[in-house]
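Enquirer: Here's the letter readout for the chains.
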Amino acid sequence: MGKSITQKMLEEHLVDGKFEPGKEIAIKIDQTLTQDATGTMAYLQFEAMGMTKVKTELSVSYIDHNTIQVDFENADDHRYLQSIASKYGILLSRAGNGGLTVIRQLQADWE
Amino acid sequence: MIAIGAGGLDIAVAMGGEPFYLTCPKVTKINLKGKLKPWVSAKDIVLKVLEIFTTKGNVGTVFEYGGEGAKTLSVPERATITNMGAECGVTTSVFPSDEITKQFLKAQGREGDWVEVNADEDAEYDRVVDIDLSEIVPLVAYPHSPGNIKTVKELSGMTVNQVCIGSCTNSSYKDLMTVAKILKGKKAHPSVSFVISPGSKQVLENLAREGALADLYSTGARITEAVCGFCIGNSQSPQTDAVSIRTSNRNFFGRSGKSANLYLTSPETAAAAVITGKMTDPRDLGMDYPRVDMPKKFYIDDSMILLPSDTPEQVQIYRGPNIGEPPSNPPMPANISGIVTIKVGDKITTDHIIPAGSRMKYRSNVPKYSEFVFEIVDDTFYKRAVEYRDKGKHNIIVGGLSYGQGSSREHAALCPMFLGVKAVIAKSFERIHSANLINFGIIPLTFKTESDYEGIDSGDEIQIPNIRKALSKNEPLIIKNLTKKKNFEVNYELSERQRNILLAGGMLTYIKNK
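Residue numbers (this note's numbering), protein chains in the order written: chain Y, 1157 to 1267; chain R, 22 to 535.
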């Protein structure tokens, strides 16, 4: 029986389980994308796990959500994200670059 | 490549080299036939998909597009369609990687990254649905769900107060060039506040270099930074009781101010309303449809992407006063004993659970952000939850169908965790939210008999005896409603790993203990 695109992609990345709909599987993640509204907490958690460097092929941190800077909070978060990216091996897409959205069409959906 | 939305903690774990766990999906093939008629575009296709599949019942499924019709769609058109698969609740959506993908990557200077990916001729699917593109007409999702679909004609003539084009959906070069061509030489109707959020600096720069940006400014567009902006209600909330036409992907209640009525349409339909001030089928504009071809070469400048340091040990992490510690959670108690702090209905979105908009700046400050949990549903929730928590009682949430749909935002689990919520009992859950609840030590339970939902109310005193023991052994769970003097059974379908995460009190402790 032939395979769907989905099956081919997931099977290439399987580290646990097999392609059986409804069952839990584990897959290797090549790339991660985050944005600042949920990503800031994700990096705080990454730090809390005691990690020293990202182990993915590519991780990108986009700043394209919390860009209204009426007080200090969002700008502080941007600085935090920039320093985290620099330290842990992550690419940082600065505020103003846009993002998750259409840049190079890395497709994602997430707030 | 397939891209799957996930909560922040799952992404943190993946960045640490751990695998990502998910339910192996069923695959539905959406077989596209024919070709779109003028003035009908990719947004109308995905609104058709939402009409067919609705926002419920698609958890654990992948939408795989194919057929001759797929070959008529450019990469940004495909991205518009796959972006909004999330609104159906699917795990992800994919298109084949073909000659069109190759041309797009070439125009981005990345031809070398192209790989052909196709389904096998004899691939089998759980379900196959045909859509004839030539039969699709301009569609609109009306308030307050992306699954409420009508034709634009049905709503034609309705006065419009605001038009917002862009955000992550329909903000590509092709979308905005089409809008610029429709609006060239025209002015925004006086009743319409016209907003554009371009998808990226690259899109904006390409529009500027071709003169289209000047046409948009001339029409009266308020052009924002390249951000998601208006879509999450983070700026550009419209006037009281406004009718706002948007090309973004979500129109949930309370998402852009408390009283706005958000309608989701194609950029073509949105542009028509800019001119007329009314909901207008763009085919009635009496214009020739301006076809925009994809450029052979984009203007590219990646200087806004910063590379990591070569000397990471010397980099100091910047922490302002708004950066808090991620809160920790104790292990799952032996018994859950508490109160139904809130009972909500069907299709509760993460926007209901924790608002974005003006509250979003507290995302990295959990104690503060938690004050706004369920704010738009019941603004006394926070006070009650804290009171019960501080008395040593557990908080329990009761929900209806598709609890936690919409944005992936993990604060919809993290903040309830901070407030001492231990269990959510619902008729069904959305995929990412269910995973987020587990990651934060809150057990998602479903009613074994759906009608038991009717027999439980806010304020009821509840016990879930021996929950640790049951989770360790994967045994059935009984809910004791002490107020109603009634017991009922709940289901949980969790892997051993997920049960261990819950026992540990959440993913952070689980990973640390490993």
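It is possible that some hints are incorrect.
As the list claims (entries may be wrong) - Once the Cα atoms are required to be at most 27 Å apart in a straight line, the calculated DSS-like pairs of lysine-lysine come out as:
| id | chain 1 | residue 1 | chain 2 | residue 2 |
| --- | --- | --- | --- | --- |
| 1 | R | 494 | Y | 1209 |
| 2 | Y | 1209 | R | 533 |
| 3 | R | 535 | Y | 1174 |
| 4 | Y | 1179 | R | 533 |
| 5 | Y | 1184 | Y | 1174 |
| 6 | R | 207 | Y | 1179 |
Stated by the list, open to error - Only some residues are given here: those of chain R computed to face chain Y with a beta carbon under 8 Å:
| id | residue |
| --- | --- |
| 7 | 42 |
| 8 | 44 |
| 9 | 46 |
| 10 | 47 |
| 11 | 117 |
| 12 | 206 |
| 13 | 532 |
FYI, nobody ran anything at the bench for these hints, they're computed from the structure. We put the beta carbon where it would ideally sit given N, CA and C, even for glycine.
Enquirer: Each hint: holds or not?
Expert: Here's how the hints hold up against the structure:
1. Under the criterion of a C-alpha separation no larger than 27 Å, the hint pairing residue 494 of chain R with residue 1209 of chain Y is inconsistent with the structure, at around 36 Å.
2. The hinted pair formed by residue 1209 of chain Y and residue 533 of chain R meets the criterion: a straight-line CA distance of about 16 Å does not exceed 27 Å.
3. This hinted pair checks out: residue 535 of chain R and residue 1174 of chain Y have alpha carbons roughly 24 Å apart, not beyond 27 Å.
4. The hinted pair formed by residue 1179 of chain Y and residue 533 of chain R meets the criterion: a straight-line CA distance of about 26 Å does not exceed 27 Å.
5. Between the alpha carbons of residue 1184 of chain Y and residue 1174 of chain Y the distance comes to roughly 13 Å, so the proposed pair stays at or under 27 Å and holds.
6. For the suggested pair residue 207 of chain R and residue 1179 of chain Y, the alpha carbons sit about 55 Å apart, so the restraint of at most 27 Å is broken.
7. For the restraint placing residue 42 of chain R at the interface with chain Y, the shortest Cβ-Cβ distance is roughly 5 Å, inside the 8 Å limit, so the hint holds.
8. Given the 8 Å rule on beta carbons, the hint for residue 44 of chain R holds: about 6 Å separates it from the nearest Cβ of chain Y.
9. Because the beta carbon of residue 46 of chain R sits about 6 Å from the nearest beta carbon in chain Y, less than 8 Å, this interface hint is met.
10. Annotation: residue 47 of chain R was flagged as interfacial toward chain Y, and the flag holds, the nearest CB pair being 4 Å apart, inside 8 Å.
11. A distance limit of 8 Å between C-beta atoms decides the matter here; for residue 117 of chain R the minimum to chain Y is near 6 Å, and the interface restraint holds.
12. Below 8 Å, beta-carbon pairs count as interface contacts, and residue 206 of chain R has none with chain Y, the closest being about 26 Å; its hint is therefore violated.
13. Here the hint on residue 532 of chain R is kept, as its CB sits about 5 Å from the closest CB of chain Y, short of 8 Å.
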